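Enquirer: Model the full structure from these sequences, guided by the hints.
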Amino acid sequence: MALDALNLTVAPGEIFCLLGQNGAGKTTTINLFLGFLQPTSGQALINGLNVAEHPQETKQFLAYLPETVMLYANLTGLENLDFFASLAGFTLSRDELRSLLSRAGLQAEAHTRRLASYSKGMRQKVGIAIALAKQAKVLLLDEPTSGLDPKASNEFSDLLTQLSADGTAILMATHDIFRSKEVGTHIGIMRAGHLVETLPAADLTANELEAIYLQTV
Amino acid sequence: MIHLAFKNFIRARGIRAGLILLLTAGVVSLLIGRQFLNRQTQAVSDVRAAQQTDFTRNIAIHQDELGLLLYYLKFSLVNTSLPISGLSMGQRDINPSIQSVTIRALESQRYDADLTNPANLLLGNLDFSFVLIYLFPLLLIACCYNLVSDERESGTWKIVVVQSPNILSAIYRLYAIRVGTLLALLALLFLLAIPLLRLPPNNTLAAFVGLSVLYVLFWATVCFWITSLRKSSSVNALLLVSIWLGLLVLLPTLVNTYVIARYPTPEALETTLAARKGYHEKWDTNKRQTMQAFFGHYPQFQSIPAPKLAFDWPWYYAMQQVGDDEASRAASALRQKVGQRETVSRQLAQFIPPLHAQLQLNELARSGLGNQLRFQEATGRFHEKLRLHFYQRMFTDTPVKAENWNRFDVQTFRDEAPVSGLAGLLPLLVFTGLFAGLGWLNFRKTAEMA
Numbered sequence: 468m469a470l471d472a473l474n475l476t477v478a479p480g481e482i483f484c485l486l487g488q489n490g491a492g493k494t495t496t497i498n499l500f501l502g503f504l505q506p507t508s509g510q511a512l513i514n515g516l517n518v519a520e521h522p523q524e525t526k527q528f529l530a531y532l533p534e535t536v537m538l539y540a541n542l543t544g545l546e547n548l549d550f551f552a553s554l555a556g557f558t559l560s561r562d563e564l565r566s567l568l569s570r571a572g573l574q575a576e577a578h579t580r581r582l583a584s585y586s587k588g589m590r591q592k593v594g595i596a597i598a599l600a601k602q603a604k605v606l607l608l609d610e611p612t613s614g615l616d617p618k619a620s621n622e623f624s625d626l627l628t629q630l631s632a633d634g635t636a637i638l639m640a641t642h643d644i645f646r647s648k649e650v651g652t653h654i655g656i657m658r659a660g661h662l663v664e665t666l667p668a669a670d671l672t673a674n675e676l677e678a679i680y681l682q683t684v
Numbered sequence: 109m110i111h112l113a114f115k116n117f118i119r120a121r122g123i124r125a126g127l128i129l130l131l132t133a134g135v136v137s138l139l140i141g142r143q144f145l146n147r148q149t150q151a152v153s154d155v156r157a158a159q160q161t162d163f164t165r166n167i168a169i170h171q172d173e174l175g176l177l178l179y180y181l182k183f184s185l186v187n188t189s190l191p192i193s194g195l196s197m198g199q200r201d202i203n204p205s206i207q208s209v210t211i212r213a214l215e216s217q218r219y220d221a222d223l224t225n226p227a228n229l230l231l232g233n234l235d236f237s238f239v240l241i242y243l244f245p246l247l248l249i250a251c252c253y254n255l256v257s258d259e260r261e262s263g264t265w266k267i268v269v270v271q272s273p274n275i276l277s278a279i280y281r282l283y284a285i286r287v288g289t290l291l292a293l294l295a296l297l298f299l300l301a302i303p304l305l306r307l308p309p310n311n312t313l314a315a316f317v318g319l320s321v322l323y324v325l326f327w328a329t330v331c332f333w334i335t336s337l338r339k340s341s342s343v344n345a346l347l348l349v350s351i352w353l354g355l356l357v358l359l360p361t362l363v364n365t366y367v368i369a370r371y372p373t374p375e376a377l378e379t380t381l382a383a384r385k386g387y388h389e390k391w392d393t394n395k396r397q398t399m400q401a402f403f404g405h406y407p408q409f410q411s412i413p414a415p416k417l418a419f420d421w422p423w424y425y426a427m428q429q430v431g432d433d434e435a436s437r438a439a440s441a442l443r444q445k446v447g448q449r450e451t452v453s454r455q456l457a458q459f460i461p462p463l464h465a466q467l468q469l470n471e472l473a474r475s476g477l478g479n480q481l482r483f484q485e486a487t488g489r490f491h492e493k494l495r496l497h498f499y500q501r502m503f504t505d506t507p508v509k510a511e512n513w514n515r516f517d518v519q520t521f522r523d524e525a526p527v528s529g530l531a532g533l534l535p536l537l538v539f540t541g542l543f544a545g546l547g548w549l550n551f552r553k554t555a556e557m558a
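Going down the list, the sequences are from chains A and X. The first sequence begins at 468 in the numbering used here and counts up by one. The second sequence begins at 109 in the numbering used here and counts up by one.
Calculated directly from the structure, the hints in this document are not laboratory data. Model, not experiment: these values are computed from the prediction. One should not assume that every hint holds.
Over the 12 Å line for every Cβ pair with chain A, so calculated as not near, a few chain X residues [unchecked claim]:
| # | residue |
| --- | --- |
| 1 | R212 |
| 2 | N233 |
| 3 | A250 |
| 4 | E261 |
| 5 | G263 |
| 6 | W265 |
| 7 | V269 |
| 8 | P308 |
| 9 | P360 |
| 10 | F409 |
| 11 | V452 |
| 12 | F516 |
| 13 | L537 |
Using 30 Å as the maximum straight-line C-alpha spacing, the simulated DSSO-like pairs for lysine-lysine come out as follows [unchecked claim]:
| # | chain 1 | residue 1 | chain 2 | residue 2 |
| --- | --- | --- | --- | --- |
| 14 | X | K339 | X | K416 |
| 15 | X | K115 | X | K493 |
| 16 | A | K587 | X | K416 |
| 17 | X | K553 | A | K604 |
| 18 | A | K604 | A | K587 |
| 19 | X | K182 | X | K385 |
| 20 | X | K182 | X | K509 |
| 21 | A | K587 | X | K445 |
| 22 | X | K493 | X | K395 |
If you want the ones that stay clear, here's a sample from chain X, every Cβ over 10 Å from chain A, calculated [unchecked claim]:
| # | residue |
| --- | --- |
| 23 | V136 |
| 24 | S208 |
| 25 | L234 |
| 26 | N254 |
| 27 | I267 |
| 28 | Y280 |
| 29 | L307 |
| 30 | L353 |
| 31 | R396 |
| 32 | T451 |
| 33 | P535 |
Beta carbons are placed, not taken as given, at the ideal position from N, Cα and C, and that holds for glycine.
Expert: Following this line, the structure appears as structure tokens:
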């Protein structure tokens, strides 16, 4: 069993960081919210709607950023963003698209290059722009900063803080203890499918968090 | 959005090369079709010219003896080649489209064929129907085998699923782009074919185009179904190529082997032997007996006096006639068997869409076995008419000059047998609907899965 008696809630404006070793069930938790997995018991709710029963509706509230963003290699960054934004029903002008990419931290000269030439970090930024374009109420992030350089990672944290200030609920699986302390409102630590600890981030220093993490896992 | 999806498709490595290759093969096939039609036209005008010079020369030499003259004169019947047969040559490249017969025994002349290049026969012609039936599905498979599966493998599909409120329409779009591109290529080839082969815009062309489009759609739904099974891209490729091989090579070969084994034609040899023996034996048979056999067939000529000399023409042609008569049982059995082969092949082909499409295209282009059999029957009637006409003249000692030879121009056979238009589309429609339905059912369940 991948998850057992897991109970967590992310309110609007909160950033919930899930910590845990590989295989602890972080990605599984996110996949439950995405509807890629059906729970054998219990339920995942988005905006009060059961994901398993209303997959179409709940997806409209969601944006998702996987660990490795794979998009269409034959399209440019702009074209990818345009395509995925229109999939979600948004028709954006070229300027809007460019400003989203810049907001996600992608340098302007890369916007019109094909994705095949992008580094992992650059692809990640296009993924962030796609998530931003959807203006989703819920953001599900699966190790989003893996592959980003420290500066980009920092910019990304600022972006998350901004989004949460605007009322977005964010669930993020990560291995980055310090980043989670810095950006998160809540920290959850998972072990073998259980959510072992849930802590408010404000009450802890990064060192305390690391100590708790190491004790727990 | 669809233009971006199209860009993504057309920019993929190998796709443009594949499309250009298919277009080139298509254009080459049209040029081959044009060459074929030109050759047919040339052959007809050659035969027409030859018949005229031949007639004049022979009449000049043998003006005293009608029987001897008719020994030499060849009358030609042409099986009209429709311009559309340039798209689907069928059996026209191995069976003669012109039969030239004297009024002597028919059976020995029936299978006299044109000279053909045996190497050509081995490979078959690269006509348009080959490009359509063999190559179009291959490129379609190359375009579609990894749809959805490669996005699942790379992880893009997760983002697509999360972004798209209606994932099935995203899948339809993927297919529409690829199938649309191939149909556009098909349309381009038809647009080129119309002036190149001077195709008249008629029902036959419409049916031909309709069948071609439906055939491409059939393969599209096969790809749709296979990719809906949620296997990996490489498994999809393997399955699709196996289906291609099975439907285009294996099953038709099996059907052919079965049909040949089920309806053997020992009558082919029997006919040849019976016709030859029937005639040659008569040299040593009592002449009166031969004439009696002949009168049995044509009682209207009973007034012909019994042969007195060692050789006379009525007796000679009676010998020929009796040769045909004695072979007639085997000959009609042979025709019946070949007809049965055709019928059974067509029935079995209804379950093998590519074979059905090929037979149906040949039927529309009047280049299939059915047309060949009808042409042979027409040759029989043509021969019979000539024979009766000249028996009459010969047995009443009409002089050569009394005949108006100008009226014996080359005759033309037009195949007017009805072609099943809509019914011919039915098997393809059924299979296309079946696979589209199966694919739809699968995708409805699995499309959302990452």
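Enquirer: Determine for every hint whether it applies to the structure shown.
Expert: Structure-based check of all given hints:
no.: 1; hint: R212; verdict: 71 Å, holds
no.: 2; hint: N233; verdict: 38 Å, holds
no.: 3; hint: A250; verdict: 16 Å, holds
no.: 4; hint: E261; verdict: 9 Å, violated
no.: 5; hint: G263; verdict: 4 Å, violated
no.: 6; hint: W265; verdict: 9 Å, violated
no.: 7; hint: V269; verdict: 7 Å, violated
no.: 8; hint: P308; verdict: 43 Å, holds
no.: 9; hint: P360; verdict: 38 Å, holds
no.: 10; hint: F409; verdict: 82 Å, holds
no.: 11; hint: V452; verdict: 49 Å, holds
no.: 12; hint: F516; verdict: 68 Å, holds
no.: 13; hint: L537; verdict: 32 Å, holds
no.: 14; hint: K339(X) <-> K416(X); verdict: 87 Å, violated
no.: 15; hint: K115(X) <-> K493(X); verdict: 65 Å, violated
no.: 16; hint: K587(A) <-> K416(X); verdict: 107 Å, violated
no.: 17; hint: K553(X) <-> K604(A); verdict: 27 Å, holds
no.: 18; hint: K604(A) <-> K587(A); verdict: 26 Å, holds
no.: 19; hint: K182(X) <-> K385(X); verdict: 23 Å, holds
no.: 20; hint: K182(X) <-> K509(X); verdict: 18 Å, holds
no.: 21; hint: K587(A) <-> K445(X); verdict: 69 Å, violated
no.: 22; hint: K493(X) <-> K395(X); verdict: 25 Å, holds
no.: 23; hint: V136; verdict: 29 Å, holds
no.: 24; hint: S208; verdict: 61 Å, holds
no.: 25; hint: L234; verdict: 32 Å, holds
no.: 26; hint: N254; verdict: 13 Å, holds
no.: 27; hint: I267; verdict: 6 Å, violated
no.: 28; hint: Y280; verdict: 13 Å, holds
no.: 29; hint: L307; verdict: 38 Å, holds
no.: 30; hint: L353; verdict: 30 Å, holds
no.: 31; hint: R396; verdict: 90 Å, holds
no.: 32; hint: T451; verdict: 51 Å, holds
no.: 33; hint: P535; verdict: 38 Å, holds
The structure does not agree with the numbered hints 4, 5, 6, 7, 14, 15, 16, 21, 27 stated previously, though it agrees with the rest.
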